[in-house]
Amino acid sequence: MRRINPIPLAAVGIIALLALLVPYLGLPDPVRIDVPNRLAGPSWQHLLGQDEVGRDILSRLLWGARSSLTVALLSATIACVIGTALGVMGGFLGGVVDLLTIRAADIVLCFPPLLLALLVVTLLGPGAATLIPVLALVYLPGFVRVAYAGVLSVRHQEYVEAQRALGVGKLRIMLRTVLPNIGGPVLVQFSLAMASAVVLESGLSFLGLGVVPPSPSWGLMIGAARSTMAQTPLPLLWPCLALTLTVLSMNALCDAVRAAVDPHGVPPRQRRWLLPALLPGLPFRAGASLAVRDLTVAIDTPAGAVRPVRSVSWSVAPGETLAIVGESGSGKSLTGLAVLGLLPLVARPEEGAVLFGERELLRMDEAALRRLRGAELAMIFQDPMSSLNPVHRIGTQIVEAIRAHRPLSRRSAWQEAVALLARVGIPDAARRARSFPHELSGGMRQRAMIAMAIANRPTLLIADEPTTALDVTIQAQVLELLAELKAENGMGLVFITHALPVVAEIADRVVVMYAGEVVEHGPVAEIFTRPLHPYTAALLRSAPPEDGSLPQAIPGTVPLPQHLPAGCAFAPRCVSRRDACEAAPPPLEQAAPGHDTRCIRWREWQRLPVTQGAEA
Amino acid sequence: MTALIEATNLSKQFGGRGLFGLGGKPVRALCEVSLSVARGEAVGLVGESGSGKSTMGRVLLGLTPASGGSVRLDGTVIANLKGEAARGLRRRMQLVFQDPYSSLDPRRRVSAQIADGLLAHGLATRAEIPGRVATLLDQVGLPKAHADRYPHEFSGGQRQRIGIARALAVGPDFLVADEPVSALDVSVQAQVLALLADLRARLGLAMLFISHDLPVVRSLCDRVVVLYLGRVMEEGPAAAVFERPRHPYTRALLSAAPNIDPLRRRRRILLRGDPPSPANPPSGCVFRTRCAWAVAACADAVPALDVAGPGHRVACIRVDDPELAPDTQPDGHQ
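Residue numbers (the working numbering), protein chains in the order written: chain A, 1 to 616; chain B, 1 to 334.
Everything labelled a hint here was simulated from the structure, so no lab data went into it. By construction, the Cβ of each residue, glycine as well, lies at the ideal position given by its N, Cα and C atoms.
The calculated label-pair distances, taken between Cβ atoms and stated as ranges, are:
id, chain 1, residue 1, chain 2, residue 2, range
1, A, Thr529, B, Pro65, 48 to 58 Å
2, B, Ala279, A, His156, 19 to 29 Å
3, B, Ala279, A, Val391, 23 to 33 Å
4, B, Ala201, A, Glu366, 56 to 66 Å
5, A, Ala149, B, Leu123, 28 to 38 Å
6, B, His152, A, Pro545, 33 to 43 Å
7, A, Leu109, B, Ala201, 50 to 60 Å
8, A, Leu116, B, Pro282, 54 to 64 Å
9, A, Arg411, B, Ala239, 57 to 67 Å
10, B, Gly68, A, Gly490, 53 to 63 Å
11, B, Ala296, A, Pro555, 48 to 58 Å
One chain only, chain B, in its complex shape:
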């Protein structure tokens, strides 16, 4: 598969400049992250808060400039593009937000908000707008008659559909969905997930699905990338990563997710404490301070992403250690 969007060694730092260089230590939100999404593919980006997953989405879309590395769309480097070329790219990549309340302007009708993109890119004349808006609303399963309502007249799930319609209006190839269902009720979550899966199948959309909810990622994505403190810990086909996670962090993350079957409570690898501050990451492997399998050598060097199976890569120096065989538990944990 050729990559539709390809990020190479992407880094992003926040702060550290400040007035007269007194801004304090820079925060490394992303550190040499490479990621590619093929046409029609759905990739899940998972991690805790502060892992840099939302920053990744915004850097890919060019909403936040990267500090290092490059992003290519269909082979064209998209950093530094200005004017018409940049606008053309905007049209091909869109964003769906987490919060269905703050992502819609409370003071404008939904039809006007959906039409924004169409007008900005000259994709429709004023006369064509109502028809196009109706088609888009229909596509996301909302009645056409609701076009002239204001956002507050809709429920959370309906608002999220409006946000998706707004993103689809410009006919993108690539959609970044940043926690699109986390703010929704479980039954509505399922509706929006079904809509996203359906749109992906019908329109051949490539998707980067950012979420901390592992079961949701699994239900929608072909591949998964696990991020911790701005670095990729593990990536691979969803089935492989979820069935046989190799990185200690992925294993802890999976075991922490509660199981819906009360008779099958999982043996849990409980992570102690919070992730360290991205302004002051640990040396070597950034996960070692919370890792139950950490050894002295983990502090020495940043582990490389090594191949652990077909399309499956893991950044852990102990990945082939028998102590870390998939069915073992770390000492001192039950």
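Bound-form chain A, shown alone:
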């Protein structure tokens, strides 16, 4: 949980403190009548004036806050404790308990809260002591519902199932694991109930069903001042102001609590970041459909900029497949996102250029880039469910993609969408186009994503782990489809993945990234048979071998961009490390035409027999 915004916290704190300390403030007795001075204006003895029977308004206001807040706090607490307990039991135990608790709460929820309160108070008679259970009853179902919903989502989390597998008792699981994980929403519900209880208490007192006169209460004060409103409006203003301020600060606190509990609540800081000026003419591969030159991506942190992608260069020719491989944290996905101008808001391209044909993407404004994305430049992601809109039919989504870039009628765009779905191998495409994403299997959804990506015949497709979430049989289908599409349209393909066998299967050239840098770059046949960088060799050995022996792990983990070693970034995990490796960062050297490596010992690896590559 992050820190709560201090302003609403302080406001509510001051109100609570005042209410708590009234008896010690030396204020006049709130019930002492002083009829000669009735309706007197503010004076030094009576800062806010006197009411219709001459009682001190300030004193009554603070004593009223005391009773309002006590009633609100007690009723909200009782509702919270009982309601959460019922909701947790109903959600976690299920069955009969579920039926009894949740349905009972639903029945209470059916009554309008004010009518329910009126009914009970009329039956039991007015007074603060009746108000507390009445308000608790009114707010109880809200807590039951919130806790129940929370438990339903937590109940099937694997960490809860793990505890069941361990044989931990149900009560213990509910108290130690489920309760803390639903704490956030319950806390928010609590502050909402508090604010609303203050209003309801005043309302009931106003109607003469709450606090009994002459005890001070905001509702009673409003009621009394209403009758003398024509003579002097001030006595009416004060309790209304107090009520408004209290509810406003409680609602603000409620928002602040929600923001602190919700991990997604970070407000966006800045939009896309454009590099200042055009670079002088850069040499790039002739005929390349996309060329990335010396791309550096920076993330600004309080401790200075970190660079998760540093000076990365590569290019793809039309009809060529380039694979970018690396572990999590290697910067491979950020590179892809930077090319498309889709970097997360905290990250920005710092240096370099991305040349797409004649155009430079890093210096292009968002509107021009948007025209390019989804048209000539397309991307598919690992999880199709997060990229397809769950409330629209897939056909409609493809139609939108087509019409965003081409002036076609809905009807002909729909026909094209159906043809595209058939092209990517979705059986019965005309009917499937009317399906919603959740009605399709994972493989079908990935096909629909691909259909959408190729809808405007892109010249380049960037695919970020497009098959990682799929079964091997479906993966084989999708890989075959991508190969066909590439051959048909002469489309360039950038395939970002951590799965080496898939790379061997689909790629023409490979870029191996480690800790934000390219460590090796070359044709797939050379990289896989004679790697010239120990990291590539280690990655190859860590894939389970054909003969059934155990793969060899790479010890350690990828360093974080803020804790990079002084020399070669891979040196701490490298079995072929020499002292020179730790002295200075090695440069990317050309070992053969089209084959680069960032290892100072590459000449040794080159002399090793094929399939052995860099030292084991």
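With chain A's structure known, arrange chain B on it following the hints.
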């Protein structure tokens, strides 16, 4: 070898009851699956999503009740056990999850989560807990000093180690590992596989290793069971099943796995479409709708699991047909 855990004709149906019997057709997740794991043995359970492999693991552990069939642990039937006896069984069988993120409670220190099992079974007093947690962390290759950290302070591979330590805390004989490395990077996968292999050797753990990644299964398991739409298609020693797969489904599955050697691209038997819905399985052999060798007779009856070699059984009526000899390819495929 005597079986440590033995499942006989296990079936599991989901749904089909609903309110007033309107819940729709039941989904048959498992259909008369028999499976045994000997002490110290590692059995791989492979299949596509929807094959029922995860359900199998949960039914074996008693986390999901079976609809039919029985599970025995050391000869004792474990269904319907309640109270102390059920808790004793829980201690002997543990689960390692796929997702290293959702399987740890984000709000509790890892030491407390590892200690849960120890306390639940009274295996250690409060005073002994820190020492036991340190030993367990050491066993899975994590520094003892990390016991008081929260899950978010660890990487995916480290979290998976914590999940394994939590399972080992109660001293189980049998571990169900449900896709324990699929969510990890390839280099970290290898680390966790090495850890599992090492623990199995040192502690004599029996293991059911559920995975869709065939090379990973092969590197760790002695035997393999291939599941499709809740039925066993083929089972046998890992070497035999991987070298000479007999069932058309196993062959397709193996040929679909990409090969790391770019110069040795496999001839591929590409399966068309998705597996049929388990709510509405095909008659006869459930694989026939995607099988390149299917004939009319395949629709008639559910093929029995017949012996095809030592410890090797296959459910295919055409298993001895010369057209299906191990080196042939179906018509129309390259």
